Structures are given as C-alpha cells and as structure tokens.
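Residue numbers (this note's numbering), protein chains in the order written: chain A, 1 to 141; chain B, 142 to 268.
Among these hints, one or two may not hold up.
Distance windows between CB atoms, simulated [unchecked claim]:
| id | chain 1 | residue 1 | chain 2 | residue 2 | range |
| --- | --- | --- | --- | --- | --- |
| 1 | B | K181 | A | G115 | 30 to 38 Å |
| 2 | B | Y146 | A | L7 | 36 to 44 Å |
| 3 | A | L10 | B | R143 | 29 to 37 Å |
| 4 | A | W94 | B | S193 | 35 to 43 Å |
| 5 | A | G115 | B | A189 | 36 to 44 Å |
| 6 | B | L192 | A | V45 | 19 to 27 Å |
| 7 | A | V108 | B | R180 | 35 to 43 Å |
| 8 | B | F242 | A | T112 | 41 to 49 Å |
| 9 | A | R123 | B | L192 | 18 to 26 Å |
| 10 | B | H244 | A | V35 | 34 to 42 Å |
Calculated from the structure, these hints are not laboratory results. Predicted, not measured: the structure shown is a model, and the values here were computed from it. Where is the CB? At the ideal position from N, CA and C, for every residue including glycine.
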Amino acid sequence: MTFRKYLVILSVVIFGSIGDAFLARGMKQVGAIDVHHLMQVFTAVANPWVIMGIFSLLAFMASYMTALSFADLTYVLPATAIGYVNMALISRFWLHEHVSLTRWAGIVLIVTGVGLVAGGPSRTEHLGEVEPATQGSGDRA
Amino acid sequence: MRTTYTWICIAFTVIAAASGDVLIALAMRRIGDLGDFRRKHGFLAVGARVLSESALFGGVFFMAMAFFSNLVGLSWADLSLMGPASAALTFATNAVGAKFFLHENVDKRRWIATVCVCVGVVLLTHT
Numbered sequence: 001m002t003f004r005k006y007l008v009i010l011s012v013v014i015f016g017s018i019g020d021a022f023l024a025r026g027m028k029q030v031g032a033i034d035v036h037h038l039m040q041v042f043t044a045v046a047n048p049w050v051i052m053g054i055f056s057l058l059a060f061m062a063s064y065m066t067a068l069s070f071a072d073l074t075y076v077l078p079a080t081a082i083g084y085v086n087m088a089l090i091s092r093f094w095l096h097e098h099v100s101l102t103r104w105a106g107i108v109l110i111v112t113g114v115g116l117v118a119g120g121p122s123r124t125e126h127l128g129e130v131e132p133a134t135q136g137s138g139d140r141a
Numbered sequence: 142m143r144t145t146y147t148w149i150c151i152a153f154t155v156i157a158a159a160s161g162d163v164l165i166a167l168a169m170r171r172i173g174d175l176g177d178f179r180r181k182h183g184f185l186a187v188g189a190r191v192l193s194e195s196a197l198f199g200g201v202f203f204m205a206m207a208f209f210s211n212l213v214g215l216s217w218a219d220l221s222l223m224g225p226a227s228a229a230l231t232f233a234t235n236a237v238g239a240k241f242f243l244h245e246n247v248d249k250r251r252w253i254a255t256v257c258v259c260v261g262v263v264l265l266t267h268t
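All chains should be modelled from the sequences, with the hints used to inform the complete structure.
Pasting the structure below:
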C-alpha cells in the first residue's frame, strides 16, 4: 500500500461521511415521507442539502471505485470503518442528534471488528490471474 | 409501525447496496489498478475502460436503489441509526458475497471482524 492508496481510502471515508450528513440534513428539512406516497422521495432531490449530498456521494463513488481497483472489497470496507466514527461525531455535533453511550459502544465495537482485518493483505491473488490493465473490455466469466 | 418500516428499508438498502458493491468490485477487479492504467494509457482511456464494463452498470443500478431506499429511511430514522445499521449489515453481507461471488480470501480474522460488526449493530439499535 502506497501513500497515494491510503489517500484514496481516506477520501472514501471523508466523502462518504459528509455525503450522508448532507443527505440526513436535507431529509430532515423535507420531512417524513408517507409510506403510501414513496414517489415523494424524488421531490427531495430539489433540496440544496440533498444536492450537495449527491455531489459528495459522487466523489465518494469515484474514490471507492479507485480503491476497489487495487484492493479487495473485504479490505476496502473495513479500512473505511473510521467513517462510522465520523458519522457519529457529525450526528452528535452538527445534526444535534442524541447518540447514547450504548450507540457509542456499538460504534467502537464496529471499528474494533473491522480494524482486525485492516492488517492483512489488501488483495487476494488468484492463480492464473493475468495483468488486468492490459485486458481489453469484455465480460469475462 | 415506523420502526418496522425503518427496518424493512434498512434490509432493502443492505441487499441493494451489497449487490451493487459486489458488482462494482467485480468490474474494478477486471479493470485493474486505475492508477497504473492511467499512467500507461492516459486519463481518457481510464474513463473509456471503466464505462466499457457492463458489471459496473449493474452495480450502479443497485447502488441507486440503495441510495433512494436510504433516503426514505433517513426521513424516518436518525442518521446515527440508519447510517451505521445499513452500512454495517452491508459489510457483513458483502463478506459473504465477496467469498462466494468474488472468491476473495475471507479468512477467520475477517469472519471474526464480521461478527464484531454485527454485535456492534445490535448495540446501536438499543437506545
């Protein structure tokens, strides 16, 4: 893992947390969506906070795809677990939601669990795997 | 009643997000390291190569489903429940998907981590 790759994973964490927080703030303004009128969710897309959330999540998506290009899915997800802590901090201090001690304990356990895998290899090597970058496009099975 | 709707929403989000994650991971594995690819072929070639992967479009479709489901969930529940619960359960589902569909090396350490995450989610729901 190079410094550039750690930066990619850091940007997955940052854009994911910020995007979720923007969406949550936007949806608080939009209000609860009636379960019988689920199409109302599309009107939420006009909310400025939701729009900023979408842009943040697009940045998240780009960095997430880049991370998956050099590491396993089961490596990238744990490595970005610090995002749960970010989310709790944003919920507590920006959205002023109540985060109880039990929830904090849950978040700590999640981070501990996912941190276990971060020390292992980032990529599973498959026997007979050829240099992917030289492959043409296609849908190999 | 809203709690039931929230958990149905979380379940739908988890299934859609895990399907999306597995398909996108499959596409990116086929493409290889984007940094190396950009150095060899240039920035535009990266975009063309990424857009030529059909698995990616399947992944983006499922991620979009997860996005709107998450949006509905956020209108019913706090981010501090909806966010970690859906994301952590997606992580557990992804571990299964990665083992059986992507054939990743999900060893004992990664399974223990998955259990820790699931217990963490249970704690998160006890408020």
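Hints versus structure:
no.	hint	result
1	K181(B) to G115(A): 30 to 38 Å	holds, 34 Å
2	Y146(B) to L7(A): 36 to 44 Å	holds, 39 Å
3	L10(A) to R143(B): 29 to 37 Å	holds, 36 Å
4	W94(A) to S193(B): 35 to 43 Å	holds, 40 Å
5	G115(A) to A189(B): 36 to 44 Å	holds, 37 Å
6	L192(B) to V45(A): 19 to 27 Å	holds, 24 Å
7	V108(A) to R180(B): 35 to 43 Å	holds, 40 Å
8	F242(B) to T112(A): 41 to 49 Å	violated, 27 Å
9	R123(A) to L192(B): 18 to 26 Å	holds, 24 Å
10	H244(B) to V35(A): 34 to 42 Å	holds, 39 Å
Consistency note: the structure conflicts with earlier hint 8 alone.
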